[in-house]
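Novice: Spelled out from the first residue to the last, the chains are:
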Amino acid sequence: MKLKEQHSFTALALVLAGLLGPVPAALADDAPDPHAHCREMAAAAKLKRATRSTADYKLPGVSLVREDGAVVTLPRELDDGRPVVLNFIFTTCTTICPVLSQTFTQLQERLGSEVGKVHLVSISIDPEQDTPARLQEYARRFHAGPTWRFYTGTTEASVAVQRAFEAFRGDKMNHTPVTFLRAAHGHSWVRIDGFASSDELARELRDLVATR
Amino acid sequence: MNRVEGGGVTATARRTRGRVRAAAASFALLPFLLLPLPGRAGTTPSPAVGERLYRDGLLPSGKPLQGRREGGVGVEGAVAACATCHRRSGLGSWEGQIVIPPIIGRYLFRPGARNVEDVDLPHVQGYVPRRDPYTDATLARAIRQGKDQQGRTLNYLMPRYQLDDATMASLIAYLKGLTSAPVPGVTRDTLHFATIITPDADPVARKGMLEVLDQFFADKNAGYRGDSPPMQSTRGVMYRVNRKWQLHVWSLTGPPETWEAQLREHAAATPVFAVLSGLGGRTWAPVHRFCEQASIPCLLPNVDLPVAAEQDFYPVYYSKGVLLEAQLITRQLTGQRQKLGLRRVVQVYREGDVGAAAAGALQAALATSGLETVTLALKSGPAGSGLASALGDSGAGDAVVLWLRPDDLAALPTPPARLSVAYLSGLMGKLEEAPLPAAWRGAARMAYPLDLPEQRKVRMNFPLGWFKVRHINVVDERVQTDTYLACVILSETIGHMLDSFVRDYLVERVESLLSHRLVNGYYPRLGLAPGQRFASKGGYIVHFARPEGTQLVSDTGWVVP
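Residue numbers (the numbering used here), protein chains in the order written: chain A, 1 to 212; chain B, 1 to 561.
FYI, nobody ran anything at the bench for these hints, they're computed from the structure.
Please note that the accuracy of each hint is not assured.
Derived Cβ-Cβ restraints for the label pairs, each shown as a range [said to hold, decoys possible]: (1) 548/B / 56/A: 53 to 61 angstroms; (2) 312/B / 61/A: 36 to 44 angstroms; (3) 70/A / 397/B: 28 to 36 angstroms; (4) 71/A / 369/B: 14 to 22 angstroms.
All of these numbers come straight from a predicted model, not from anything done at the bench.
For glycine and all other residues, C-beta sits at the position ideal for the given N, C-alpha and C.
Generate the whole structure from the sequences, applying the supplied hints.
Specialist: Structural data, given as structure tokens:
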């Protein structure tokens, strides 16, 4: 099972590599990448409207409600073996969230047939307004595929998740654009503050998966 | 704060007094966007065409407006509409560290002033003191190519729009007129507000509400320092224009069909800036329609049956009232159905009361559930009349839902034998004070779309202390507290508006600021956003702890149905 997963990730890395141009052969290998740090620096330099950092966040064991109504716990939902790309949104947000969500839409397109191997996660920071039904409608608006899931829950749960990711700004109207990526359970998170393009996210994802 | 402003140039964020300035990246434009389309010579610019584009993102052809950001990210239709970010007033907004500048003609076509000589400039969050004025040509270039008046690249968030010359001219004509008319109800020294009371409103609550309003306005005016000139400093100094508040009570008479005409007459005779609080009875729909049609903000009235039309802009409510209770009860009924072996729901309401709409909403919500629903209307009559026969054939497998006022609750007959469960409306029945007979208390569950008494206790010290100090008799605690809260919210919001007294901007500022409040009387939290018009969104299902008294036990946590 483990082996199979690993293979599918390698395949994903190859697909991403294909999409984004030539990559050193070593990246598709399972061996640790000796140049990871250099490439991280390079990736940081390449981000046009965002800054990149890495951090270890401890996921709180809170319950969230998915857009299909299922009650899930955050760690279990995120630790399913797939790489995760995560953001915080609310459905009546007019300025920041439409851009973040559109970037996810584009990322889905870039990933093509491999999209199923990545988990796109959007967590509401206005959970009382964003009922599962409203999240479903929002998902349709942004052509979300089956692996892009939306989460709501109690205000306390949403705040706990925002706090865990150091993304809590006290109120939904104070929020800032931020995206998080992680290769798998046990790995560090890459934090991207600002508006990363879908190309930049795809590149980041490729690097994460390759060095996994 | 980060600002999206005409002059945003750099690719790095600058920090000025803790505020991060715009990060606007330069980029290569798609060449086709640079090509102006042939204009239709001789076409007169139409502000109406501009308005459709501005508000709804619709082109003169009826097709959706399309915009593009760097990297080919497209926006279309309502999302691409100018109003989405710059808001209906055109005075801009902010989200997090991003400030959206004003784009009304009165702002764009004047130079920024430092120590304001130009008193006609709106002073809002996105105000930029040092800037050159736009011309029609440089504004068109900004919209098409994303270059500001000095040729610098605008912020990434501002899409580029390929508009033909005629459409561009119409949009610019609209911007020149936007938010430039004199605002009704605003004079050099006074802000005029109205409160609306329907003839069927409870007379005790009416007295209590007016006492709070009068006192709040008196307090407000006690701080009036005499006539002051308009805004005379930049936003660097939070100079607040000092104006008196004057309250006008618009008491309606006669049947609801005549209320809109009465309100139009009131508004014509005494123009007001906004409608504050107010008190309704069986219906608020004519007042809601009037506010929307007359473009008057109607903030936080005391109504148990608001109008659920969140696409409307001007009316703003605390909650959906009894409609929210119907949602809470629906959720509970469907969740408990198996456990209680429910087969049928029997609803009872008194004709001519708000329970009719709530019962209708519950019936509609249960339509696809497979639960049989019977809705019974009691004829108007003495308390308790008709209840015995309405509930007569209820029994095992039945859930009874009581949309009743306290006098009917007190006169309930003995509960039907082996009744599974009864639900009642907390708002209609007077919450924990509901005079529910002891025999009903075991089976009865109450919808409670407010914070629980124990949990709101400390928070309530604010309004109750204010009443006490000012010798205001508490005759209807909920109405008076909500009225006081509405006044505080208005006062805070007006304080944030500096002297840009614009009706649309008032609603936009309430949308943005409301969720920052922490102490909200009966509500655990309030929040709005564009397209949200109900500030509190959830509630509890509770039951009485004992056969007598007012102590409640919660069956659920705070639930958002």
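Novice: Confirm or reject each hint.
Specialist: Each hint, compared with the structure:
1. 548/B / 56/A: 53 to 61 angstroms: holds (56 angstroms)
2. 312/B / 61/A: 36 to 44 angstroms: Since residue 312/B and residue 61/A have Cβ atoms about 41 angstroms apart, the given range 36 to 44 angstroms holds.
3. 70/A / 397/B: 28 to 36 angstroms: holds (30 angstroms)
4. 71/A / 369/B: 14 to 22 angstroms: holds (20 angstroms)
Hint violations for this structure: none, all hints satisfied.
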